[in-house]
Structures are given as C-alpha cells and as structure tokens.
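Protein chains: 2
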Amino acid sequence: MPAYRVRGHIWIDRQGGGPFLGPGRIALLQKIDELGSIRAAAKALNMSYRRAWRHVEALNREAPSPLIITSIGGKGGGGATLTPAGYAVLEIFARLEKSFQRFLEEKTKDIQEELSHIHP
Amino acid sequence: MPAYRVRGHIWIDRQGGGPFLGPGRIALLQKIDELGSIRAAAKALNMSYRRAWRHVEALNREAPSPLIITSIGGKGGGGATLTPAGYAVLEIFARLEKSFQRFLEEKTKDIQEELSHIHP
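If you read the protein sequences in the order shown, they are chains A and B. For what it's worth, our numbering labels the leading residue of the first sequence as 1, then goes sequentially. For what it's worth, our numbering labels the leading residue of the second sequence as 1, then goes sequentially.
Pairs of lysine-lysine residues, derived as BS3-like cross-links and limited to a Cα-Cα distance of at most 27 Å, are as follows:
no.: 1; chain 1: A; residue 1: Lys109; chain 2: B; residue 2: Lys98
no.: 2; chain 1: B; residue 1: Lys43; chain 2: B; residue 2: Lys31
no.: 3; chain 1: A; residue 1: Lys43; chain 2: A; residue 2: Lys31
no.: 4; chain 1: A; residue 1: Lys98; chain 2: A; residue 2: Lys31
no.: 5; chain 1: A; residue 1: Lys109; chain 2: A; residue 2: Lys98
no.: 6; chain 1: B; residue 1: Lys31; chain 2: B; residue 2: Lys98
no.: 7; chain 1: B; residue 1: Lys98; chain 2: B; residue 2: Lys109
no.: 8; chain 1: B; residue 1: Lys109; chain 2: A; residue 2: Lys98
no.: 9; chain 1: B; residue 1: Lys98; chain 2: A; residue 2: Lys98
None of these hints come from the bench; they were simulated from the model.
In isolation and in its complexed conformation, chain A is listed as follows:
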C-alpha cells in the first residue's frame, strides 16, 4: 500500500477580520529582529520595502499592543526592534506550529492505519 501523509497550513485571523499572523509575517518579524532594520529584513525576504512597511503597520495596529518599534533617521536610516510583545508573539506562534506538527503526525498515523484497512 502506498504511504500517505496528513499535511496542512495554519494561521491566526482577527475574529470577523482578515489574517493577522501567518508564516509570512512571522518570517518578517524574525528577520527584523535578526537584522535590526525593516529595509534589510525586506531585502532578505525578497519583499519590497513598501510591502514590509505595510505589514509592520498592520501588525502594530492589529496586535493587542505594538510588536515593532522603529526609530527614524541617523546614519543608515534608522532601525527597528521587537517589543516584548513582539517576542511573546513569536513564542506563541512557534508553540502553535509545534502543536500543529504534532497533530499532523498523529493524524498521519491514524490515516495510514485507517486507509490500510480499506478493501475494494
């Protein structure tokens, strides 16, 4: 019998609103933390600066409290850092992803077992 695998995607919406947090925005938050700059993070992710800025503004507006602090000007054009809320959100999403991976592994075992009992 061929082997099967349960797969999936997961993200967080605002209730009655659009998407709040998924793998794309999480990658942006991580890159901003790593590189200390929205411009550098956007470049590293092959995203336009304008698009990265829109995500940052939306994240700050849609989160319970702002996730990214930006400082303007100076040499190199200002920086960006995560707030404690920003780090908390990274942790919350990582835990959610881990839990989802466990769910998928468990269901893969169930499905494999169930499909192996199928007869014509």
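Start from chain A and add chain B according to the hints.
Structure of chain B alone, referenced to chain A:
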C-alpha cells in the same frame, strides 16, 4: 482587546508524492455519489468533464483500492458509483476534518488567552 481565531487547511498527500485527497476531491466524490454521474458532478461543481475525469482516474490509481466505478454507454451515457472503499474514504476524511476543527477551536481558546496577557 480584539478577538483572534486560529484557522487552517488540511489535506492528505502521498508520501513523497503530490496531493491525494483534499476538500476539492472530497466534494467531487460526494457529488458523484449524489448524482450518479461524473458529467453531472463536474457540471454541479463548475468543473470541466475532462478535469473531473482526471481526478477520478488519479483517485482510483492513488487510493489503496479504487474509489469510483464507472459504467460506459447506454442511454444517458453511463454512470458512476462509489465503491465501499470510496465511502470509507469519505468517512475517514470527515473524521479528520472534525478532529481538525476541534484542534482549531482548542487553539483559538489558547491563543486568545495567551494574547490577552501580552503587554507592551
């Protein structure tokens, strides 16, 4: 605080292969069962007959045993019915979806709780 909701998609792949079963093919199986014809099912789902046929062939080839039996010819152009394996697969997927909905509801509660404790 705004309300958040965990959402997601789930499907079954063949290990090391492409997708085997997701909401689209499940809808096709259900319509074939309901209408007794691949042509009628395709029409009801706004899908080309050619495309529906390809899904049926792939499902029969990729499942542990065939899910759909077709009879050719006669008035009305032959019919299609699900095999016991076809019904079993519908049940297995329905159970998987139900379990995933429970997972999403549970995680929505967790996330809502966790995000409410975030401070600036």
